[in-house]
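> Since the structure of chain A is already known, use the hints to place chain B on it.
There are 2 protein chains.
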Amino acid sequence: MISNVPKSVTYEQGHLIFLDQTKLPNEVVFEEQTSVEQVWHSIKMLKIRGAPAIGVAGAYGLSLGARNLLKKNPQISPENFTRELEKIADYLDSSRPTAVNLKWALKRMLSSLHAHPAKNAKDICNFLEQEAILIHEEDKKLCKKIGENGLPLIKNGMGILTHCNAGALAVSELGTALAPIYLAHDKGIKVKVYSDETRPLLQGSRLTSWELMQAGVDVTLITDNMAAHIMSQGLINMVIVGADRVAANGDVANKIGTHGVAILAKHFGIPFYVACPFSTIDLKTATGKDIEIEERGAEEVCHFGERRTAPEKVKVRNPAFDVTPHALVTGLITEMGLFPNPYAEKIKQLYLK
Amino acid sequence: MISNVPKSVTYEQGHLIFLDQTKLPNEVVFEEQTSVEQVWHSIKMLKIRGAPAIGVAGAYGLSLGARNLLKKNPQISPENFTRELEKIADYLDSSRPTAVNLKWALKRMLSSLHAHPAKNAKDICNFLEQEAILIHEEDKKLCKKIGENGLPLIKNGMGILTHCNAGALAVSELGTALAPIYLAHDKGIKVKVYSDETRPLLQGSRLTSWELMQAGVDVTLITDNMAAHIMSQGLINMVIVGADRVAANGDVANKIGTHGVAILAKHFGIPFYVACPFSTIDLKTATGKDIEIEERGAEEVCHFGERRTAPEKVKVRNPAFDVTPHALVTGLITEMGLFPNPYAEKIKQLYLK
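So the sequence lines, in the order shown, correspond to chains A and B.
With this note's numbering, letter number 218 in the first sequence gets 218, and the count goes up by one each step, no holes.
With this note's numbering, letter number 3 in the second sequence gets 3, and the count goes up by one each step, no holes.
The following block holds chain A by itself, in its conformation from the complex (with noise of 0.2 Å):
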């Protein structure tokens, strides 16, 4: 563990806490989960947020949740307990419907139980405890797979670039765009990261400028539209970006904005990096153009806090994604191992092994 990088999420001594992501960057408050509604509501509102991390929130939800659930009937059979326990997670999954990460964490936590001969609820409790540990164990693990195998890339004095959030904040540790950084950094290796602020949402301005801070790591702030003229300065030697889906081709999905600053990098010969755990690469989806991407509310470009900053009315387009064609990507930096491009048949290779 790097010393000074964020934690999303902490379970220590049974005590569940989650960084409060939508109180950042003015206020740093963690925040106790003591109940499944809490960690629901959490999760609703984007308290905590980032696929992994959800997922691992979401399994030490459903263990806090047997463990209260204990606490109030004592007596309650294993059959009737687990009953109990699949209905908590159903109603946490129902916190973020469209979160993988999330269903797939809570599934994996069921699916483990009703494989383990428990003989009474503690046991149950104990046994779910122990999976969503290892749920956020190899979530840790992989983030600093990542960080390891980007690692070699990054050069003492370089200038990175990075777009949106793909950092701690996102998972358990780390990040997957920002683990490379984090383990340069811990290395000595000084570089210097511009983080895109991100429009709409800000994840660069509000989250990823903060959490560098926090581990002392030197970033400079800029808004999306500026990346062109830094890189014309020579101040970018590489771009890392994380994603949210991968093609079979090798097509990569990943916040709005990420497409253009890819055509940016490749215009000015700089190096254009997507890291990512491998169960991001999704071989159903034949190309890019097969991702249909998310139309968001007109208010998220239009206003700013309560503040209007838009003509009522005003016609508005809203992708919450774009699709970066496989041939502007330098390389797939994965937990099992960094494949340059191109990638798409290697990584079909790996898969069907």
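Do not rely on the hints blindly, as some may be mistaken.
Which copy is meant is left open, because identical chains are indistinguishable; a pair holds if it fits in one copy or across any two.
Said to hold, decoys possible - Here are the simulated EDC-like cross-link-like pairs (lysine to aspartate or glutamate), alpha carbons at most 20 Å apart as the crow flies:
hint, residue 1, residue 2
1, K72, E299
2, K23, E306
3, K141, E345
4, K313, D218
5, K284, E137
6, K348, D290
7, K119, E129
8, K315, E27
9, K187, D218
10, K103, D90
11, K141, D186
12, K313, E27
Simulated from the structure, these hints should not be mistaken for laboratory data.
From a predicted model like this one, the values you see are computed outputs, not experimental measurements.
Chain B in isolation, oriented as in the chain A frame:
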């Protein structure tokens, strides 16, 4: 005059009226200017903005000052009157010291006055009013001519991307980049304009989308980082932007983000045009490298209204402009004609004439 295109400055029957741009798009407030101090304050507080508009405003401000002075002191000698007017011009010029057009307009008003054999103060008053109206009319004609020279580029059904505000609000009417669009709209040519919001100051969202809506032009607001995605969908057939300065070799300084848009346009094979008055071309500036880029305060990037959106003490870059290399510019649209790339030699010859 195209109907419903908003006017930043109007002068009718002795009434000088500014549209208060600081209140847009939430409130549309026209404010009559009744004193030199009020005009100074309006320019200072950016109620009126855009280099040509400020020049026109300054000229009318001096004319207003002359009339008010004459009312207070009807017996003033032409010599004393002229001396007082020089002081008023200096005062008005101090409202935005870097605004070249303001200085130019006030200087022209005074030079014309000095060249004019005035019999009395009333005569001077009338003369200055006529000169201000002339400056205003010349700017209108110039914009119309830019519009006419750009008009042949615009075809029915086109999608056009613009950045920042080079519209009617920045000049006397019609704008520079938006002038061809307004003329096309007036002729029934249907276009779909995409307006980059233009962080950090959101001129695209507050001003450009507002003025296009007023005129009934189909406009869609996007955040700056959506341009690549929108282009990749085949929705953009042309980009038109304004310019703050054009160097002798054709490099274009304009609002931050312009360079990035030009690179994206090149990547997608979309023509990229720059519309500006011929006076924007500065032969004394050899190349874009010789243009000093103003770096503005961090608060514009870190705040929104009173709300802080970035960590305290985060490092920030905030260049107000960038330089688009001439190689990325398809052509210059000026009142002297449309100059396809390469245009540097042609504009030099025209200048030397």
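> None of the hints should be skipped; say for each whether it holds.
Hints, verified against the model:
no., hint, result
1, K72 - E299, "neither (43 Å within a copy, 52 Å between copies)"
2, K23 - E306, "both (16 Å within a copy, 16 Å between copies)"
3, K141 - E345, "neither (26 Å within a copy, 61 Å between copies)"
4, K313 - D218, "between (41 Å within a copy, 12 Å between copies)"
5, K284 - E137, "neither (28 Å within a copy, 63 Å between copies)"
6, K348 - D290, "within (17 Å within a copy, 51 Å between copies)"
7, K119 - E129, "within (16 Å within a copy, 97 Å between copies)"
8, K315 - E27, "between (34 Å within a copy, 18 Å between copies)"
9, K187 - D218, "within (14 Å within a copy, 54 Å between copies)"
10, K103 - D90, "within (9 Å within a copy, 69 Å between copies)"
11, K141 - D186, "within (17 Å within a copy, 63 Å between copies)"
12, K313 - E27, "between (34 Å within a copy, 14 Å between copies)"
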